[in-house]
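In order, the protein sequences belong to chains A and B. Residue numbering for the first sequence follows numbering that gives the first Met the number 0, beginning at 0 and increasing consecutively. Residue numbering for the second sequence follows numbering that gives the first Met the number 0, beginning at 0 and increasing consecutively.
Hints listed in this document are in silico derivations from the structure and should not be mistaken for laboratory results. Everything hinted at is true.
Below 25 Å or equal to it, Euclidean Cα-Cα: the simulated DMTMM-like pairs (lysine to aspartate or glutamate) are:
| hint | chain 1 | residue 1 | chain 2 | residue 2 |
| --- | --- | --- | --- | --- |
| 1 | B | Lys154 | B | Asp78 |
| 2 | B | Lys74 | A | Glu277 |
| 3 | A | Lys127 | A | Asp102 |
| 4 | A | Lys365 | A | Glu381 |
| 5 | A | Lys187 | B | Glu144 |
| 6 | A | Lys270 | A | Asp311 |
| 7 | A | Lys365 | B | Glu66 |
| 8 | A | Lys187 | A | Asp210 |
| 9 | A | Lys127 | A | Asp141 |
| 10 | A | Lys365 | B | Glu140 |
| 11 | A | Lys365 | B | Glu144 |
| 12 | A | Lys127 | A | Asp198 |
| 13 | A | Lys127 | A | Glu54 |
| 14 | B | Lys154 | B | Glu144 |
| 15 | B | Lys154 | B | Glu140 |
| 16 | A | Lys187 | A | Asp209 |
| 17 | A | Lys270 | A | Asp336 |
| 18 | A | Lys187 | B | Glu149 |
| 19 | B | Lys154 | B | Glu66 |
| 20 | A | Lys187 | B | Glu140 |
| 21 | A | Lys127 | A | Asp64 |
| 22 | A | Lys127 | A | Asp59 |
| 23 | A | Lys187 | B | Glu66 |
| 24 | A | Lys365 | B | Glu149 |
Simulated restraints, written as ranges between beta carbons of each label pair:
| hint | chain 1 | residue 1 | chain 2 | residue 2 | range |
| --- | --- | --- | --- | --- | --- |
| 25 | B | Leu128 | A | Pro266 | 44 to 50 Å |
| 26 | A | Arg224 | B | Val123 | 40 to 46 Å |
| 27 | A | Pro310 | B | Ser70 | 42 to 48 Å |
| 28 | B | Ser124 | A | Asp209 | 37 to 43 Å |
| 29 | B | Ser124 | A | Gly246 | 43 to 49 Å |
| 30 | A | Asp209 | B | Ala89 | 30 to 36 Å |
Some, not all, of what chain B presents toward chain A, calculated at C-beta under 8 Å:
| hint | residue |
| --- | --- |
| 31 | Gly102 |
| 32 | Ala112 |
| 33 | Leu143 |
Computed from a predicted structure; not experimentally measured. Each residue gets a CB set at the ideal place from its N, CA and C atoms; glycine is no exception.
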Amino acid sequence: MGHKMIKKLIKAAAILMLLAGPQGGMAQDRPVLEIDVGGPVIDPIPVAVPRFIAENGGADRLAIDIAAVVMADLVSTGLLREIPGSAHISGTSNFNAAPQFADWRVVNAQALVTGAVSTSSDGRLVVKFRLFDVFAQQTIGDGVQYTGSAEGWRRMAHKVADTIYSRITGETGYFDSRIVFISETGPKNNRLKRLAMMDYDGANLRYLTDDSAIVLAPRFSPNTRDVIYTSYASGLPQVYLMNLETGRQSPLIDDALNMATAPRFSPDGTKVVLSIIEGTNTDIYLIDLNTRSRTRLTTNGGIDTTPSFSPDGTQIVFSSDRAGRPQLYIMPATGGDPVRISNGNGSYNTPVWSPRGDMIAFTKIKSGRFHIGVMRVDGTRENLLTASFIDEAPTWSPNGRVLMFFRETAGANGAPQIYSVDLTGRNLRRIDTPGFASDPNWSGVLR
Amino acid sequence: MTFIKAGLVAVSLLSLAACENGGIFGGGSGGGTGAGGSGQTPGAIEESSLEYFATQIGDRVLFAVNEATLSDSSKAILDGQVAWLNQYPARAITVEGHADEQGTREYNLALSARRAAAVQNYMVSQGLLSSRISVIPYGKERPLEICSTEVCWSKNRRAVTVVAGGLGSV
Chain A
0 MGHKMIKKLI
10 KAAAILMLLA
20 GPQGGMAQDR
30 PVLEIDVGGP
40 VIDPIPVAVP
50 RFIAENGGAD
60 RLAIDIAAVV
70 MADLVSTGLL
80 REIPGSAHIS
90 GTSNFNAAPQ
100 FADWRVVNAQ
110 ALVTGAVSTS
120 SDGRLVVKFR
130 LFDVFAQQTI
140 GDGVQYTGSA
150 EGWRRMAHKV
160 ADTIYSRITG
170 ETGYFDSRIV
180 FISETGPKNN
190 RLKRLAMMDY
200 DGANLRYLTD
210 DSAIVLAPRF
220 SPNTRDVIYT
230 SYASGLPQVY
240 LMNLETGRQS
250 PLIDDALNMA
260 TAPRFSPDGT
270 KVVLSIIEGT
280 NTDIYLIDLN
290 TRSRTRLTTN
300 GGIDTTPSFS
310 PDGTQIVFSS
320 DRAGRPQLYI
330 MPATGGDPVR
340 ISNGNGSYNT
350 PVWSPRGDMI
360 AFTKIKSGRF
370 HIGVMRVDGT
380 RENLLTASFI
390 DEAPTWSPNG
400 RVLMFFRETA
410 GANGAPQIYS
420 VDLTGRNLRR
430 IDTPGFASDP
440 NWSGVLR
Chain B
0 MTFIKAGLVA
10 VSLLSLAACE
20 NGGIFGGGSG
30 GGTGAGGSGQ
40 TPGAIEESSL
50 EYFATQIGDR
60 VLFAVNEATL
70 SDSSKAILDG
80 QVAWLNQYPA
90 RAITVEGHAD
100 EQGTREYNLA
110 LSARRAAAVQ
120 NYMVSQGLLS
130 SRISVIPYGK
140 ERPLEICSTE
150 VCWSKNRRAV
160 TVVAGGLGSV
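All chains, full assembly: derive it from the sequences and hints.
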């Protein structure tokens with residue numbers, strides 16, 4: 000029975016990953032995943048995360064807060080649901096004692112997370128946790144301990160949740176990550192925009208620019224130390240590079256008349272691919288970050304824009320209206336003949352290569368509706384995940400399981416908010432931001 | 000009595016100017032225009048003024064969905080702009096390209112550049128020095144009208160010619 004429950008738990012999670020292809024390598028300490036292709040809609044696994052034990056007086060608050068962040072992370076996946084504290088029969092008072100499995104079984108918790116938190120006077124924080132399969136009455140993996148500074152407690156909570164997620168699903172986690180985006184205020188005909196950054200769950204929001212110039216489409220460098228984006232600071236749309244530690248920003252291309260948009264880093268972080276506007280034409284260029292030399296990758300008279308590298312750095316997907324409405328094309332990262340991959344009705348825009356390498360996410364516009372969709376790299380198996388007045392600009396979670404994008408409502412009071420959705424189209428959620436928000440870009444897992 | 004009448008006319012002129020300017024970025028007259036400030040009398044707008052350019056010649060041309068082609072009526076407006084600019088050779092212009100909200104931000108930015116460049120190219124073909132023309136593409140960042148129907152979208156798909164310089168610099 001117990002073993003079967005774990006399997007069921009894992010299988011449920013696996014069904015949500017069908018589109019995601021082969022597994023990334025982690026989580027060796029669990030049974031082999033069974034992928035059920037014909038699987039029905041998932042019943043989330045009930046999980047209990049009782050208040051973490053505070054091992055000293057100063058840790059009381061953090062013990063509560065960390066458990067809450069862990070639970071919020073797990074529930075946000077749609078794969079798990081919370082057994083609320085009010086339903087718990089027993090708590091945990093001793094981290095090293097075995098849980099009262101019978102009490103957890105009665106409240107129908109299938110997974111149980113216990114934890115302990117201690118702080119020291121020099122601001123150090125230690126977080127320990129264990130994950131249990133309640134029906135099997137055994138731990139899933141070993142207990143883990145994280146040490147860090149107390150002010151980084153949210154990141155430690157996200158790391159705990161990442162490990163739990165990884166053990167349950169076999170996927171790498173994505174909670175310890177950040178979003179860079181455009182924060183927006185003001186009426187539709189005088190919108191003010193600022194570059195902003197936040198944790199993946201909306202916490203720790205920080206503004207990176209003021210609202211004096213239009214800013215667009217920021218993207219993290221692969222090591223999350225820099226952000227590249229389009230700004231009208233000079234009056235023209237130009238691409239800027241910002242170092243997140245120093246806050247220093249500088250134009251990427253040293254040419255006052257240059258107009259450039261849609262920048263994105265290469266996977267090794269040494270190059271930037273972007274669009275340069277010249278007259279009626281927009282073409283894709285590669286900029287070497289060391290030499291700042293420029294290589295032209297497309298020469299077509301159409302609008303070639305929103306390039307995105309494959310994770311191995313060998314190819315680039317982009318959108319082009321060379322055949323009429325915008326469609327998706329793939330070309331070698333050194334330039335060369337592009338191959339069209341999108342073939343449906345409507346237009347295809349803002350392609351983004353998945354971190355796993357096997358899928359492309361995009362914005363599709365058809366019959367006046369916007370969709371976030373995914374397709375295989377060869378253009379097959381197109382799947383539209385969302386539909387609304389405007390759904391635009393998908394970005395992948397670090398593990399390729401979830402997409403964020405922005406949704407803008409129609410009309411005079413229309414405004415954008417950031418949403419996330421699973422690769423399956425399930426689990427649509429709005430990310431909580433103080434104002435309007437758009438153009439999200441998801442970092443890799445932080446180091 | 001005459002004084003009161005003049006005051007009323009000035010008020011109605013001001014409100015007219017406010018209407019035509021619409022949104023903050025829709026004026027297209029580069030700032031400093033408006034009948035109130037210059038103390039002009041109605042019906043006799045100074046031909047050299049930015050107001051004349053905006054209201055009598057027309058400071059903008061409109062485009063079909065996803066298109067950057069200039070219609071014959073658009074070309075007629077641009078011909079008028081070129082003629083005016085030939086008369087006032089000290090004036091330089093910025094052509095601001097715009098798109099409606101039915102497209103992604105980055106595509107529409109390039110589309111609006113294509114529209115502005117189409118205006119620029121036409122003016123150059125009509126003899127205007129390209130050095131007098133600069134271009135800024137705004138994509139869908141600066142809508143003039145804010146409803147989400149074709150009534151507004153048709154006005155947002157525009158290229159606006161903004162004449163540089165204050166009123167005294169002719």
